[in-house]
Structure formats: structure tokens, C-alpha cells
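Participant: One-letter residues, chain by chain:
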Amino acid sequence: MDRDLVRDSIPAYALGALNADERAQVEALLREDDSARLLLREAEAAASALALAVPALTPPAGLEERLLARARQSRRSLLLTRWMAAAAVLALTVLVLFGWAALRQNPEPKALYDLVMADDGHVEIALVPALTPDIEGRLVFRPSDNLAVIEVSNLPPIASDQAFQLWLVDESGPVSGGLFRVNDDTDYVMVSAARPIAEYLRFGVSLEPATGSPLGNRASGPRVFSIPIQPV
Amino acid sequence: MPDRTRPGGSDLISGSLASVPDEALMAQLRRHDEAALRALYQRYGGLVYSIASRTLPESQDAEEVTQDVFLRLWKHAAAWDPARGTLAAWLAATARHAAIDQYRRKQRREPAPGPLSMDEHTALWETLVTASGDDSDRQQRVAAMLQRLEAPQREAIVLAYFYGMAQSEIAEHLHRPLGTVKSHIRQGMERLRQIWLAQEGTG
Numbered sequence: 000m001d002r003d004l005v006r007d008s009i010p011a012y013a014l015g016a017l018n019a020d021e022r023a024q025v026e027a028l029l030r031e032d033d034s035a036r037l038l039l040r041e042a043e044a045a046a047s048a049l050a051l052a053v054p055a056l057t058p059p060a061g062l063e064e065r066l067l068a069r070a071r072q073s074r075r076s077l078l079l080t081r082w083m084a085a086a087a088v089l090a091l092t093v094l095v096l097f098g099w100a101a102l103r104q105n106p107e108p109k110a111l112y113d114l115v116m117a118d119d120g121h122v123e124i125a126l127v128p129a130l131t132p133d134i135e136g137r138l139v140f141r142p143s144d145n146l147a148v149i150e151v152s153n154l155p156p157i158a159s160d161q162a163f164q165l166w167l168v169d170e171s172g173p174v175s176g177g178l179f180r181v182n183d184d185t186d187y188v189m190v191s192a193a194r195p196i197a198e199y200l201r202f203g204v205s206l207e208p209a210t211g212s213p214l215g216n217r218a219s220g221p222r223v224f225s226i227p228i229q230p231v
Numbered sequence: 000m001p002d003r004t005r006p007g008g009s010d011l012i013s014g015s016l017a018s019v020p021d022e023a024l025m026a027q028l029r030r031h032d033e034a035a036l037r038a039l040y041q042r043y044g045g046l047v048y049s050i051a052s053r054t055l056p057e058s059q060d061a062e063e064v065t066q067d068v069f070l071r072l073w074k075h076a077a078a079w080d081p082a083r084g085t086l087a088a089w090l091a092a093t094a095r096h097a098a099i100d101q102y103r104r105k106q107r108r109e110p111a112p113g114p115l116s117m118d119e120h121t122a123l124w125e126t127l128v129t130a131s132g133d134d135s136d137r138q139q140r141v142a143a144m145l146q147r148l149e150a151p152q153r154e155a156i157v158l159a160y161f162y163g164m165a166q167s168e169i170a171e172h173l174h175r176p177l178g179t180v181k182s183h184i185r186q187g188m189e190r191l192r193q194i195w196l197a198q199e200g201t202g
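If you read the sequences in order, they're chains A and B.
At position 220 of the first sequence the residue is numbered 219 (numbering that gives the first Met the number 0), and the sequence of numbers has no breaks.
At position 131 of the second sequence the residue is numbered 130 (numbering that gives the first Met the number 0), and the sequence of numbers has no breaks.
Just chain A, with the same shape it has in the complex (with noise of 0.2 Å):
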């Protein structure tokens, strides 16, 4: 695309208003271009100042003690939670060994996402539906980050003897990220890679026998939906 054209679309990137193929423009050129940069830090002043200008309005009364309340159940549960995050990052790291690499069904992929999606510069890039049109959901992480999170909805209902699987793409073709199940509405779940993950070409989920796919590394159902990282 025109080199004008991108920049005029700084303005809508501080607004989070672009889809992932205009974002990555906006993003090559802020790499290479320091007006640019500039231009960017005083549009997102200026749209930061958009909250300020909501209506002001008064918490409901008993909204604070609630917050304590779970707060403080949150705080007895916290090395619990410490505990299972450390048996995570233990089992993660074993599962990556053996070329594994999606973990879920625990409180982990969540956490990671509100993680990441607090850091004001983690990248969204929605979901291709495939198997179904009403699938919708997106991948976010950050540039430098081997770590990622899917948040999915509206997956369609598997049989017990099948299981969604993951395939991280780079230019040396798929490599199974693990093998998944979606129970909730909406879900998340977790990847890790090998490298970071702004440097594959794209993910994917097929559809597959609940013990993978048996062509190894390349899928045998049908795509469930794809994830461009890298413009094509």
C-alpha cells in the first residue's frame, strides 16, 4: 500500500480501529519511520483523552465491599494458585520438550490474557472461521513473547473420541502445537512456541481424533479456523 495512504491510517491504529492486515502496515511503518512514531504518541494522547470525557457517574453502594470481599478470598488462595502455576509452567515445559506446546483447562490462559491484553502493546489478530461462519474469536500476544493466548467462541460441539488441534506455521511448514477441548461458550487457550510468536507465518485448528492427527505433523480433519500472523 501507498506509504501516505498507511500513515493516514495512524490516526484509526490509536483508535484500535484497524483489522490485523492494515495494523501490520501501520506497524512496518512505525518501525522505520520516526514522524511517524510521533504522529502515533499524540493521536493516542488525544484518543486517551476520550475516557475522560465519559459522563461521570458514582459507583452503586456495596460495589467496594464486594471488590474486598474477593479480594480477600482471592489472597487465600494465592499460593494455591502460585503452586498450580508453578506445576504449569513445570508441565509446559515438559510438553514443549516432547514438541507439545498448548496447554488449557486450568486458570492459566485466562490470566495470561488479562496479562497481556493490560500491556498497551500486545497485538490482536482475529480468528478465520472455517468450519463453521459463527466461529469468532482472536490470538493475542506480545511481538517479543514465545507465549500467546486464543480466545475462542462458538467452537461446535465434538464427540468424546475427538479433539481440536493446533498447528503453528512457519516457513518450514506446520508443527502440532498440542491438542485441545472447548467446553464453555467462550474459552481460552494457551500457546506456547518455540519462538517468539510474531515470527510464524500463521496458526491453524483442525479438527482431529482425540489422540491427534495421525499424519503426524500435518492435519487430517477439516480446518476449524486459521490465524494469519504474517500477511500473506
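Misleading hints may appear alongside valid ones.
Here are the simulated DSBU-like cross-link-like pairs (lysine-lysine), alpha carbons at most 30 Å apart as the crow flies [what the hints assert, rightly or not]:
1. K109/A to K105/B
2. K74/B to K105/B
3. K109/A to K74/B
Among chain B residues calculated to face chain A with C-beta under 8 Å, some are [stated by the list, open to error]:
4. L36
5. Y40
6. A165
7. E189
Just so you know, the hints here were simulated from the structure itself, not pulled from any lab data.
Cβ atoms here follow ideal geometry from the backbone N, Cα and C, with glycine treated the same way.
We have chain A; now place chain B onto it with these hints.
Facilitator: Frame of chain A, contents of chain B only:
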């Protein structure tokens, strides 16, 4: 509808913590000091709740987001990096992201029978730009700044900023050509940027 009064939550910031700087409260929060969480909520609960309510008109949803934002701070205090901005800015951004997430989830679970009511949005926006009373000077300056935008520019910007819509979604939602929406956002944001720069320059 929630009570529209003043920003900043309760006036009853208790004891000596009322004047403690954010950085010191955050240091206490990292040690899971409940008094620090209470003081931060009393300082910024109104801001977070107001931002959540802008996207989520149901008070129950805005309350849930407000609790989630402060619990995120409680559990992951290190997520705020003072070198990258003020705590208020971090909380505002986190509240906006969380509210947009909640809005999208609700839309998936309970899709609106038709497009979002722009009449309702416009009414909320008008409330926004005419906010007055005991609001801060800065808030009034921002409101005045927004009044200087043309209505289609405001509409497009508010849908992007508070509802997380991409330009293509805004075009579909407003039944306007994509190129028109892009122009409205570009021109509106440029105008906001220029006004903001002028106001920052004059203090």
C-alpha cells in the same frame, strides 16, 4: 440507569492513605495490603466504573468490569509500569478493553435484534459532550474539544474507541461507505489531535 454524579468515587478516602501517591499505594498493593486496594478503589473506582458504563449501559455489567479491573490490579500489580504512563491512564485503558470484551461476549450470547440503536448512542454521546456541574476542568475541556467535531466524526470515533469496532464494522453498522468512515475517523482524529496539542501547549 446508574447515578450520574461526580467522578472519582467516594469522598471518604479513609485515614492517611488519602494523600499517599499512587506509586506508594501500588508498592503496598504488591504486598497485598487491603487498605491500599481500598484507597485505590476510592480514588479511581469512579473513573473505572464511568468508563465501563460508557460501553455497558447495564449497571450490573459495569460493576462486574469494575471489579475485574481492580482484581487484575490486585493480582498482577506489576502489570502497571509507571515508566509507560500514569496509573489513571492504565486503569482507563484496562477498563476500556475489559468493557469492550464484555460487550462482545454479550453480543455473542445475546445478539441484539437489530443494529445498535444509534439514537441511544447519540443521546449518550450528547450527555458526554454536555457534561458539566462539578466535573474537573480537564473533563470539561475534553467535552468542549469533542463538541468541535462534526457529528459523523464523533459517531465513528466513539464506535471505534468505546465499542472496539473496526472501520469496516462501523461502515456496516452505520450503512456508510468504508471510505467515508475512514475519512471521518482520519479527519476527526486529526482535529482532536490538533485541539489536544493546542490545549496541552496552553496548559
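Participant: All hints, please: hold or fail.
Facilitator: Status of the hints after comparison with the structure:
no.	hint	in the structure
1	K109/A to K105/B	holds, 18 Å
2	K74/B to K105/B	holds, 25 Å
3	K109/A to K74/B	holds, 13 Å
4	L36	holds, 6 Å
5	Y40	holds, 6 Å
6	A165	holds, 5 Å
7	E189	holds, 6 Å
The structure agrees with every numbered hint stated previously.
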